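Participant: Sequence:
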Amino acid sequence: MDALAADRRALQVSLLAELAADYAELRTAQARLSIARDNIGTLRTGEQLAERAQQRGLGTSAEVAQARAEREVAQAQPPLLEADIARLSHAIGVLAGGFPGDWRATLAEPSPTLPVAPALPLALPSEVIRQRPDLQADERRLAAATAQIGAAEAARFPRFSIPLSFGTTASLLHDLFSGASLAWSAGVQASQTLYDGGRARAGVTAAQAGAEAVRLAYERDVRLALRDVEDALTALNSERQRQRSLAAAVDDSQQALDRTTRLYRKGLSGYLPVLTAQRVANQARDALALSQWGEVRGAIALYKSLGAGWQDESIAQNAVSAGPPEQSPASETAAGL
Numbered sequence: 001m002d003a004l005a006a007d008r009r010a011l012q013v014s015l016l017a018e019l020a021a022d023y024a025e026l027r028t029a030q031a032r033l034s035i036a037r038d039n040i041g042t043l044r045t046g047e048q049l050a051e052r053a054q055q056r057g058l059g060t061s062a063e064v065a066q067a068r069a070e071r072e073v074a075q076a077q078p079p080l081l082e083a084d085i086a087r088l089s090h091a092i093g094v095l096a097g098g099f100p101g102d103w104r105a106t107l108a109e110p111s112p113t114l115p116v117a118p119a120l121p122l123a124l125p126s127e128v129i130r131q132r133p134d135l136q137a138d139e140r141r142l143a144a145a146t147a148q149i150g151a152a153e154a155a156r157f158p159r160f161s162i163p164l165s166f167g168t169t170a171s172l173l174h175d176l177f178s179g180a181s182l183a184w185s186a187g188v189q190a191s192q193t194l195y196d197g198g199r200a201r202a203g204v205t206a207a208q209a210g211a212e213a214v215r216l217a218y219e220r221d222v223r224l225a226l227r228d229v230e231d232a233l234t235a236l237n238s239e240r241q242r243q244r245s246l247a248a249a250v251d252d253s254q255q256a257l258d259r260t261t262r263l264y265r266k267g268l269s270g271y272l273p274v275l276t277a278q279r280v281a282n283q284a285r286d287a288l289a290l291s292q293w294g295e296v297r298g299a300i301a302l303y304k305s306l307g308a309g310w311q312d313e314s315i316a317q318n319a320v321s322a323g324p325p326e327q328s329p330a331s332e333t334a335a336g337l
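All letters in the sequence shown, in the order written, are residues 1 to 337 by full-length UniProt numbering.
Source of the hints: derived by calculation from the structure; they are not laboratory data. All of these numbers come straight from a predicted model, not from anything done at the bench. It is possible that part of the hints are untrue.
[What the hints assert, rightly or not] Label-pair restraints from in silico Cβ distances:
1) Thr106 to Gln48: 32 to 42 Å
2) Leu95 to Arg68: 40 to 50 Å
3) Thr106 to Arg242: 26 to 36 Å
4) Glu51 to Ala248: 44 to 54 Å
5) Ala247 to Ala213: 43 to 53 Å
6) Tyr271 to Gly97: 48 to 58 Å
7) Asp221 to Thr106: 19 to 29 Å
8) Leu95 to Leu4: 37 to 47 Å
9) Leu80 to Gly57: 16 to 26 Å
Positions of the beta carbon are idealized from the N, C-alpha and C atoms, including for glycine.
Throw the hints in and build the complete structure from the sequences for me.
Facilitator: Right, dumping it as structure tokens:
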């Protein structure tokens, strides 16, 4: 792949990542719109109960005003979500090579499930990062600047394994370096010095003087690529931890709603506790929907940071699988990166 082809592939990866992210955000906005409308209905019922209580002398005008204010605040959310849905459907139409309105009707029907990020392997070989279009372009530019640099540069690129699950107390890629030698160590399948004071570089002494600047740019881009991977992994793992807590909150709020509903139907409680439980359940569902979108967005960022090339057969054979991914419309879109 020459430098120009690598630049084209970088643009393709960026466009596909943007398309997948927009699709996931669109489906999330549609789910949140449904939740918002449910919440408005709940608050409207609560407002009506407050008005009846006031008419019977069991409530105050302040309680009615508070219930009305809560409902009016909730009613302000759907227009924002509807605008987001329109904006995202327009963006998808353009990214798909058409016009803004081309996909609006097709995407108008909400998906029954939110996009799910596919499962990740436990580890990936270093060739994954090397497939990043920007690094491929750097390599080709380096090869073009020095006729003999191709084989020598390939020999100098370190071979290591990128662990994709890690603790929250340690930096993933920082710990792969050991001391001043800057050698890959922790989590590495085959340790190899990345910067060794110039010994490996002796094989490219015939390179043109201008190649040194290109080489330095290449080393810089390798470090930036590793930073991108670590940032994406940290964000993705943090969002997954957050999502587990929110999923538990959804379950607990639904159980509370079920219990208060049963008590109301048996005549052991009023309807106000049911409305309160319903409002809490809606808030938990909305927070979980946002977290699920954040997870998919994090997975897309990770694939993009890896150059979206880890599904290549030769690389996939070296990856340690963590199990088959769950398939969904969004996972297929994200996996297509």
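Participant: Can you list which hints this structure breaks, lowest number first?
Facilitator: The structure breaks hints 4, 7, 8, 9; every other hint is satisfied.
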